[in-house]
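*Asks:* Chain by chain, the residues:
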Amino acid sequence: MSKELSILAHSVVRNSSISINGEKDFTSSEQDFKTFIKEAYRNYDLKYPKFFKMDSLCKLAVIGAEIAIENSDLAEISNDRIGIVLMNRASSLETDREHQHSIDDRENYFPSPSTFVYTLANIMAGEIAIRHEFQGENMCFVLSEFDIDLMQQYVSNLFESGKIDACLCGWVDFDDSNYESVQYIVGENSSKNITFDVCTTKEIYNVK
Amino acid sequence: MNTAYIIADNMISSLGFNSSEHVEKLRKSQSGILPCNNSSLYPTPFQASLIDVSRLDHMKSDIEFVDKFTKLEQLHILSVRDCLSQANVDLSSEKTLFVFSTTKGNIDLLSKNYVGGIDAKRAYLHEMAKAISEYFNNPVNPVVVSNACISGVLAVNMARDFINSGIYDNVVVTGGDLAAEFTISGFQSFKAISENPCKPYDASRDGITIGEACSTVILSKNANGSNILVAGGGSSNDANHISGPSRTGDGLMMACEKAVAEGMVEVSNIDFVSAHGTATVYNDEMESKAFNWLGVQNIPLNSFKGYWGHTLGAAGIIEIVASTHSMRNNELYKSAGFEQIGIPESLNVISAYKKDKVDIVLKTASGFGGCNAATVLVKE
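Protein chains in written order, with my numbering: chain A, 1 to 208; chain B, 1 to 380.
Source of the hints: derived by calculation from the structure; they are not laboratory data. From the three backbone atoms N, C-alpha and C, an ideal C-beta is built for every residue, glycine too. Please note that the accuracy of each hint is not assured.
Claimed, not checked - What the simulated footprint calls covered on chain B by chain A, stretch by stretch (three residues with Cβ under 8 Å from a Cβ of chain A suffice, anywhere in the stretch; the number is not a length):
| # | region |
| --- | --- |
| 1 | 157 to 165 |
| 2 | 181 to 189 |
What the hints assert, rightly or not - Facing chain A, a subset of chain B residues (Cβ under 10 Å, in silico):
| # | residue |
| --- | --- |
| 3 | Leu-34 |
| 4 | Asn-37 |
| 5 | Gly-105 |
| 6 | Ile-150 |
| 7 | Asn-240 |
| 8 | Ile-242 |
| 9 | Met-254 |
| 10 | Lys-258 |
| 11 | Gln-340 |
| 12 | Pro-344 |
| 13 | Phe-368 |
So here's chain A without its partners, still in its complex pose (with noise of 0.2 Å):
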């Protein structure tokens, strides 16, 4: 017998600006994306130093996973009942060049641990998972866009085998300059939320 599955809550990060459940919450008007995240930062007043230190796609990832924990009551769901399956299109491209750039020539090579830890793409699920104290089920899969049918699947064979109470799901993305972040909390379901189906996570998906 199948749960019953809502989307709790849900964020999105696109072109410099934030939603919350749908609703534009924070919007800047810096295109260049790091002033942008850093102004996200201080707007939800995050309070989190190690951000300061990560890549752009795992502050992407921080971010929207924030608004939508913040706006999720998870607080009856032990933590190793929660988890975080995640996709992007472009891995850990960024930061990958950075550290590339920093082999390529062996008069001027630089290799740095604090790069190369940032050339995995589940880092970004790391992150998360430190900062929320998330211990369940972990998932980071590579597809050419948002594969919907495919989350919709995965973490839905997660919930019926019982190896969760909650999930973060998204897709987010950070490839030279361009940048999305599509996440939403899936819980047991309580009447005022949403159902979790394909057709709802594409509306969500495709709000400009």
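Assemble the complex: chain A is given as a structure, and chain B must be docked to it using the hints.
*Replies:* Frame of chain A, contents of chain B only:
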């Protein structure tokens, strides 16, 4: 419903181009790790497990349009093709899915020193996946799992879920990573690479050895003569540190508990633990705590890293494949590089090759980002 059988497998590493070549060397406890003095990979000499290039040149000669594929893609094609020679699977079916497991894919394409003719867009992991699945005329969008060093175990767990829920009849899970300059320079900057061949769980261990490998398993809802099932899986996050393991082993222990519960086995009935065992001081310490907590400290355990190094995105798959041969042959392979126990809580590290019953296996992996994963394999 639990019918996810492993019906075909392949391993490509320094030890050979198919599984039987690997098994032959595992029985003799013969490692493929050698000194490497290739300044295009790293300015100073280091140890590595590398695939024989001249043999690859020979093996790849009958791949159609071979020049349209990168080295890693050629390895995937050879690996999948070897599996197809063992089992009749319709790759052109909508009910067959390709799942790729990799950390860095065609990362060599990013280098300004890259001299091949492949378009840089194939550094995107999904582009690499598409090139290979299209070569095999598979109509389904391929899935790439890129979750650090647990990618292979996660990919196999996902394949199991998708077969058991009836979404696919067959899933080809293929994992690979190269010993690329990118990766070696990065782990060197972390001071994570040992000057000697890695020594998992040993008192004198001081770091990893990088290896390159490609490995494939085909999971099917039909047994096709196989009696090995992927019975259960689980994953977790330590939520502790992005580049260091948990101090307590809690994350790994939780992933194992979920895999054991889903696999419907008793911890005491596990015959063999194929652990991650990277041979860094902290990883192996963490594993010793997690395994004692779980209660598998007396069960024979090894790390395969002493044979072919840490093969990153291929690691979970090649080590699952090696474990299935342990099960089919009822034999336990020595934990290569291990001499004297050097972990805070004791483990039963396999010190010599031996014949023994192997019906239930626990396979684990842990990686950067604080992630852990486990799989339970069961012989019917």
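*Asks:* Next step is simple, just say for each hint if it's right about the structure.
*Replies:* Evaluation of the provided hints:
1. 157 to 165: Check passed, 4 qualifying residues.
2. 181 to 189: holds (count 7)
3. Leu-34: violated, 23 Å
4. Asn-37: Violated: closest Cβ of chain A sits about 15 Å from B/Asn-37, beyond 10 Å.
5. Gly-105: Interface hint status for B/Gly-105: holds (8 Å vs cutoff 10 Å).
6. Ile-150: B/Ile-150 check passes; min Cβ-Cβ to chain A is 8 Å, inside 10 Å.
7. Asn-240: Holds. Min distance 7 Å.
8. Ile-242: Status holds, d = 5 Å.
9. Met-254: B/Met-254 check passes; min Cβ-Cβ to chain A is 6 Å, inside 10 Å.
10. Lys-258: At 6 Å from the nearest chain A Cβ, B/Lys-258 passes the 10 Å test, so the hint holds.
11. Gln-340: Result: violated, 30 Å to nearest chain A Cβ.
12. Pro-344: violated, 22 Å
13. Phe-368: holds, 6 Å
The structure is inconsistent with the numbered hints 3, 4, 11 and 12, although it conforms to all the rest.
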